[in-house]
Amino acid sequence: MAEQVTFAIAAIGALGFGIGVVFFRDAFRAAVSLIGTLLSVALLFIVLMAPFVAALQVIVYAGAIVVMFLFVIAYLGDRPIVAGTDRMDAVQPVAWIALAGVAAFGAITVLASTIGPEYTASDTDVGSPASIGNAFLNQHIIAFEVTSLIMLIAAVGAVILAKRAVMLEGGR
Amino acid sequence: MATTLAWIILLLPLLGGIALASWPGEPPRAVTRLIGIGSIATAFVLALAIFFTMLGNAPSDRTFTSNLYEWISIGGTSLDLSILVDPLSLMMVLIITGVGMLIHVFSAEYMEHDRDYRRFFAEMNLFVFSMLLLVLAGNFFFLIVGWAFVGLASYLLIGFWYERPSAVAAAKKAFVMNVIGDVGLVLAAFLIMRELGTLDYQQAFARAGDLGQNSGTALAVCLLLFVGAAAKSAQIPLHTWLPDAMEGPTPVSALIHAATMVTAGVYLIVRCHAIFQMSELAGDIVAVIGAITLLMAATVALQQVDIKRVLAWSTVSQIGYMIMGAGLGAYSAAMFHLLMHAFFKAGLFLAAGIVIHALHDEQSLNHMGNLRKYLRVAYFGMGMGCLAIAGFPGFDAFFSKDDILATSLAAGPVGVFCWVVGVIGAFITAVYMFRLLFRAFWGPDPKGGYAHAPHASGLWMAVPVVILGILSVVAGWIQVPFGWTGITDWLAPVLADVKNPLEPTHAGEWLTIGFSTAAALGGIALAWWLFAADPERRIRLANIARGPRQLMDNAYDFDRAYDDLFVEPGRELGTVLLDDVEPAGPKGLITGTTAVIRDTARVISASENGLVRTYAFGIVAGLALAGVVLAIVVAGAS
Amino acid sequence: MTVPISAYLMLSVALLVLGMLGVIRRRNPLLLLLSIELMLNAGNVALIGFSRQWDDPAGQVFALVVMVVAAAEVVIGLGLTVAVFRSRMNLDVDEMSSMKG
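Protein chains in written order, with my numbering: chain A, 1 to 172; chain B, 1001 to 1638; chain C, 2001 to 2101.
Bear in mind the hints are in silico, worked out from the structure with no lab data behind them.
Where hints are given, some of them may not hold.
Label pairs and their computed distance ranges (CB to CB) [what the hints assert, rightly or not]:
#, chain 1, residue 1, chain 2, residue 2, range
1, A, Pro93, B, Leu1630, 22 to 28 Å
2, B, Leu1589, A, Val159, 33 to 39 Å
3, B, Ala1606, A, Pro93, 18 to 24 Å
4, B, Val1629, A, Gly157, 36 to 42 Å
5, B, Val1603, A, Val156, 34 to 40 Å
6, B, Leu1630, A, Lys163, 46 to 52 Å
7, B, Ala1606, A, Thr114, 27 to 33 Å
8, A, Val146, B, Gly1585, 51 to 57 Å
9, A, Asn138, B, Val1603, 35 to 41 Å
Built from N, CA and C at the ideal position, the CB exists for glycine as well.
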C-alpha cells in the first residue's frame, strides 16, 4: 500500500513538474520545475529498488546538469522571444494531432500487449552498486567504453566551442 | 643465309629510323646522312649479296622462307612472323633499296635547307622499312601490316611540311584513300582465311584451286585484293590522292609516289597471280580499269602546268600499264615495266627536283624555259627519262611497255582492246612528256626572266640523276624481243604455276614495235611542233577545244564528284546530327537528367528548412504513423 | 501489493509525450534542451521498470548510459546555445536555420 501511495505521489509530481517544464514561459522557472520532475523520478527509482541509479539521478541530473542549465540561464539573462509569427503555426494543429496519436499509440501498446510477469515484492539487490558494476564490467564492457568515449568527445567539443566563443568576442 | 641477310635488310632501315627519331636533339647533318643513307646503302649491298647467291642456285632453288617465331597459333592455323625471299620479292627489295639509296643520296642535298633534316630521314627510313616488310612478308597478315605502314609513312611524308594547309589536306586525303584500300585488302584476307584456311602465301597459293575456277568467291577475293591494289597504285576510281600527294618533298614523290609504294598494287597482283588465275573475269576487270586509268591519266597530264603534277599523272598512267598487264596475265612484263618505271620515273622526279631546287620552289611550267642552258644535269636526266618513258627505240619503256602490249595481243579480245588503248596512251605519253621537256628546258627564258639565275646542283644531287639517266637507257636491254628474256627467266620460278603463260607472238611483237615506235615518234614530233618549233604557237592555239581541255584540267571532275557524293552528304549529316539530333538526343538526355535531379533536389531541399522543431515534428509524426499502422495490424490480427 | 509494471510504462509514455510537446512548442533552445531531458527521463523510468521486472541489472546499466549521454548532450547543447547567442544575440531556434537546404 505504501508503495502504491509513493508511486502515486511520485507520478503526479513527475507529471505536474513536467507540465511546468513545458508550459512555464520563464526559462528559470522551467529549469526549477525540471528539478522537481527529476526528484520525483528519483523517488520512483527508489520504489523500483534502484537506489544507486536514484542517487546518481539526484547527484548528476538534479545536481550537475540542471545547475549547468541554471548557470547558462543566469548568464544569458531572461530574454523574451522576439515577437513575430511562429513559423510552426501552420502545422501546429497537425502537431497536436500527431502528439495525441503518439500518446494513444503508447497507451494502446502498453495496455494491449502482454508485458510479462509482474515482479514480486521481494527484496532484490540488482540495484546495488556492486551488481551494477559487475554488469558493466562483465556484460556491457563495450557500452561502458563507449560511454567514456562519448564523454571525451563532449569534453573536447565543449572546449572547442568555448574557445570559439571567446575568440568571437576578441579574447584569446 | 639468304633469309638471315633478308632479316638484316629488313631491320636496317628500321634501326636507322629509330636511331634518328630517338636521337636527342638534332644530330649533326653528317650523322643524319651517315645513318639515313648508310642503312639503306648497306641494305642494298646485302640485297645484292642475296641476288648473287640466288644467281648461283638453280632456278628451282631460289625460294627461301624464314620463320622468326610463331606469333599466333589457333584452330589449326598459325600466323608466323615469316618472310618469303624469292625472285619476285628480291626484285622488289633491289628496287626499293637501290632506287631508295639513290633518292636518299639526292635528298642529302635537296633537303639541306630544311630545318627538319633528321625527321625527313627518319621518316624516309621508316618508309623503306615498311615497304620492305610489305614485299618480304611471307603471309597476308604481315603484308597488311606493311601495307598499312607504308600508308602511314606516305601520310607522314606528304604532310612533311605541315605548316602548309594544302600539304596537310593532301596527306589526309592520301591516308583516307589508302584506308579504303586497306579495308579491301583486309576483307580479302578474311575471305582467303575462310575459304583456304591459311594466310600463308605458299599454302594459300597452293590451295588456290579450292576457290573454284571462275567461282563467285574467287571473283570476290580478286576484286577485294584489287581494291587494295587500286588504292595503293592510284587506279580509277581511287586515284585522286596521288596528284595531291605531290605536296610532299620531291624526293618523297620520287621514292614513294613514283618508284616504290604506288607499284605495290602491281606487286600484289603478281604475288597473288595464283588467285587471279582463278577468275578470268576479275583479271579482265583489272585490265580494263588499268587501261582506262592509263588513258585518262595521260590526257590529264597533257593539261597540267605544275611540273610535279605532270609527272604524278604520268605515274598514274604508267601504273595503269602495269595493272593492265598484270590483269591480263602478263606478269613478267608488268614487273619488267615496274622495274623500268622505277628507274626512269625516279630519274624524272629527281631531275624535276633539281629544277625546283634551282628555281627556289617554283613548280609552274609557265615560269620555266630554256633551262637546258642552266641545268645541264637536270636536262640530261629529264631528257633520258622522257625518251625512256615515251618509248623511244632503245630506251627502257620501249622494251617494257612493248612487252606488255605485245603480250596483251595474245590475250584475246580484251587484250586487243587494251593494246589499242595502250598504243594511244603511248602516243599521248610522248606528247605530254616532251611538252614538259620542251616547255621547261627549251624555248626562251620565261617572261620577265629568272629572278635568280638557276644554280646548278651539287654532286649529291647530280650523281643519282646521272645514274638513273644512264639506267633509263641501258636497263631496258635486260629483256629484248627476239633476243633474250632476262626478267621472265628471273621470275620463272615464281610464275611457274601459271597455267597458260602468255607468250607474245612474232607478229604481235612486230605489230607492237611498229605502232608504238610510230606513236612515240609521232608524239614527240607533235610536241615539238606545238611547243618547241614555235613557242608562240601554243598561245595562238589556246582557244582550241576549250571544253575538253577544261575537263582534263579538272582531272575529269573526280574530286568534285567525290565531294558531292561523299564529303557534302557527310558534312550535311554531321550538321544535322549536331544541330538537331544532338541537342535533343544525347545532350537532351544529359541536360534532362540533370534538370530532373536538380528539380527533385529543390523539392526535397524545401523540407530542409532549418527549423529544428519541424524536424522534431517529423519524428513525432512518423512515430504516430507507425502507431496507426501498428494499430491496423493489431486490429487485423485480432 | 505492488504497482503493476504497466503503470510505470504509462507514466513513461506520458512523460515522453510531454517532452515531445515541449520540443515542438518551445522556441527557446534552453527549454528545448529541458524538454529533451524530460524525454530521456521517460526512457529511464521504463528502463528501470523493466530492470525491476526481470530482476536484471542491465536496465539500470543502460539508464546510467542514458544519463551519461544526457550529460554530454547538455554540455554540447548548452555550449552551442551560448556560442549562437554570442554571435546572434537572439534565443530562437527558428532563427538558427542557416544550414537549411
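- Given the range 27 to 33 Å, decide if the beta-carbon distance of Ala1606/B to Thr114/A lies inside it. violated (44 Å)
- Task: Take the C-beta atom of Asn138/A and the C-beta atom of Val1603/B, compute their distance, and say whether it sits inside 35 to 41 Å.
- Result: Between Asn138/A and Val1603/B, where Cβ atoms are some 52 Å apart, the hint is violated.
- Task: Go ahead and decide if the range 46 to 52 Å is satisfied by the Cβ distance of Leu1630/B to Lys163/A.
- Result: Holds, since Leu1630/B and Lys163/A (Cβ atoms, about 47 Å apart) stay within the stated range.
- Could you see if the CB distance from Val1629/B to Gly157/A stays within 36 to 42 Å? Taking Cβ atoms as reference, Val1629/B and Gly157/A lie about 37 Å apart, which means the hint holds.
- Check the following: the C-beta atoms of Leu1589/B and Val159/A are separated by a distance inside 33 to 39 Å. violated (52 Å)
- For the pair Val1603/B and Val156/A, does the Cβ-Cβ distance stay inside 34 to 40 Å? Holds, at about 38 Å.
- May I ask you to test the hint 18 to 24 Å on the CB atoms belonging to Ala1606/B and Pro93/A? The hint (18 to 24 Å, Cβ to Cβ) holds, given that Ala1606/B and Pro93/A are roughly 21 Å apart.
- Item | Range hint 22 to 28 Å (beta carbons of Pro93/A and Leu1630/B) holds or violated | Holds, at about 23 Å.
- Query: Does the Cβ pair Val146/A, Gly1585/B satisfy 51 to 57 Å?
  - Reply: 55 Å Cβ-Cβ, so the 51 to 57 Å window holds.
Hint check: violations occur at hints 2, 7 and 9; the rest are consistent with the structure.
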